[in-house]
Amino acid sequence: MKKDYLLEVKNLKTYFYTENGVVPALDGVSFKLSPGKVIGLVGESGCGKSVASLSILRLIQSPPGKIEGGNILFNGSDLLSINERQMKKIRGNDIAMIFQEPMTSLNPVFTVGDQIGEAIQLHQRMNKKMAQRKTVEMLKLVGISRAEEVVKEYPNSLSGGMRQRVMIAMALSCQPQLLIADEPTTALDVTIQAQILELMKDLRKKINMSIIFISHDLGVIAEMAEQVVVMYAGKVVEDASIDQLLYNPLHPYTQGLLKSKPKIEEEKEMLDFIPGVVPNLFNKLTGCYFQPRCVKSMEICKAQEPGINEVYPDHFVKCWLYVDSKRRKQ
Amino acid sequence: MISNTSTYKFKVNGYENKEALIKTENLKKYFPINNYFLSYSTDFVRAVDDINLSIFPGETYGLVGESGSGKSTLGKTILRLFEATDGIVYFQGTNITSLKDEKLRSLRRKMQIIFQDPYGSLNPRMTVGETIGEALRVHGIAQGEKQRELVEHTLELCGMEPYHYNRYPHEFSGGQRQRIVIARALILQPVFIVADEPVSSLDVSIQSQIINLLKELQNKLGLTYLFISHDLSVVKHIANRIGVMYLGVVVEEAPKKKFFQKTKHPYTKALLSAIPLFEPSLRKERIILKGEIPSSVNPPTGCRFHTRCPHTIDACKKVEPKLKEVSPRHLVACHLVNK
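Respectively, the protein sequence lines represent chains E and S. Going by this note's numbering, the first residue of the first sequence is number 1, and it counts up by one from there. Going by this note's numbering, the first residue of the second sequence is number 1, and it counts up by one from there.
The following block holds chain E by itself, in its conformation from the complex (with noise of 0.2 angstroms):
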């Protein structure tokens, strides 16, 4: 059975251990993926969904956050038991990553070529002539089409869309079997936010990748993922398919944000909005984390957290509404 997946993450506890206290960024996260298929994280900021995918690459930085438990399980081995060369190995490898802010995350001072290259010569050794012919490669696949004057620039003259491509092919050089996008079109216009959107949509067919998906946009998660997973205060609080998430979605704080959410296609005089701000994870909480905002709350919700439970097929909540009142009261 455990083969079926090519990531399993089960029970991720990552906590941030500051001045001010302890802070449960991630506290007991799970969820599975099927090779060549796209899950999106979603959820409001500072909920964790960036915590998780910097977990699973195991690029904490530590003190002040440490890995607290759990297992991450990829193509069957756990990434939390293996030493940092191995994990050199299969990061950029065999799992890579975009980050939100394209200006940011390309080195300034070398050229494109060099950056992407780079890459190339340490995870598939091939020797620089070979990596710079490569890097031409990806650049065009990525729609690129100036591709060998673009490896020779550097990032500044790029504009924040070129960049993001740029990240794209370097993410995607040594073919990834999994790609985790970290609010890629966060940054970029709408326009080009469709383009990137397309891209990744056509390169996923190319080269039946895997990829996690972040988000707090539903519609972005709703065009590009086949599962999502909606994480609120650390914690999963549903996991379905997303055609059960749009229509059927079970946990009150799901459905308050697709409603909440103004949609293109639909007018309304006032929004639907959730009640409160999210919690302060310095605080130690009890019972459910979401029960402070909830309109549906009951009495059992202040005491005690629910548990996760399959509801339909393959759709998980954590919520007591799902619970009937005799295992409640066990």
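One or more hints might be untrue.
Restricting the straight-line Cα-Cα distance to at most 30 angstroms, the calculated cross-link-like pairs of lysine-lysine (DSS-like) are [unchecked claim]:
id, chain 1, residue 1, chain 2, residue 2
1, S, Lys-256, E, Lys-263
2, E, Lys-261, S, Lys-103
3, S, Lys-262, E, Lys-268
4, S, Lys-290, E, Lys-134
Just so you know, the hints here were simulated from the structure itself, not pulled from any lab data.
Based on the hints, put chain S in the right spot on chain E.
Coordinates of chain S only, in the frame set by chain E:
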């Protein structure tokens, strides 16, 4: 001084006899680029290039466009936070482009701005009360007890509590800070507010709270907004009239309903089709624009959009299309769009 007549009536866009609150005439704002070898500038960023725009009392004018299209510059030039390179801005019929000193100061009371980033636009060393009350003191409106009373009242108006008066900005979340910024803009009882991407840096669940607040305040206080945003789905929920900017010029302007139902300009069409939709069944063939937005230092000749437009004809490369009315109050600047 240029004549400051307040009897100026505007006859535009079917608003006959209704006086515009804001009107710009051929407004231009160029930023010089320093030339290292000469003591004067030879190149300019043409951020706002010849814009004629009217905003009527009580309405929300939504201004959309991509980054670098000049929408923020236009907003700031109207408020005289930037001095216009050329052209005139009328406020309630008065030419404000050359107002000075006391007159300018009393004008500033009537026009305010809300910025995008509530983290950057509040001074971390000033309490909420000081930040909001400062304007009252500067304009000599109220001091001491009276000032506090006014600030607390405005805080409540914006959905905050009076006891927040003595708190510092770091104690608040992004949404609450944006409420404080809105309270600061409202304290002088302005009639016109430029909201420059006021919800772009906020989370979805908070975004809708702030949009609702802005709508509520407009109903209560009869405010007029220039709402600048890159997000058409947000603009759809707040604006009455929408204008699209591309490289310093307005390419299409229409009342909301027409704007979404009878989109004419190829750029607007592409913008609309680029928005990710929830309903897969509603998804139409997406228009993917080639390339990037060109530099506004050397904008393309003729129609500025012709380098990315899927329907370019020869005329587009030579002649710049003017905004023309295709149906009442619906203006489009495109050679291919006829009446």
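Results of checking the hints against the structure:
no. : hint                  : verdict
1   : S/Lys-256 - E/Lys-263 : 15 angstroms, holds
2   : E/Lys-261 - S/Lys-103 : 43 angstroms, violated
3   : S/Lys-262 - E/Lys-268 : 20 angstroms, holds
4   : S/Lys-290 - E/Lys-134 : 24 angstroms, holds
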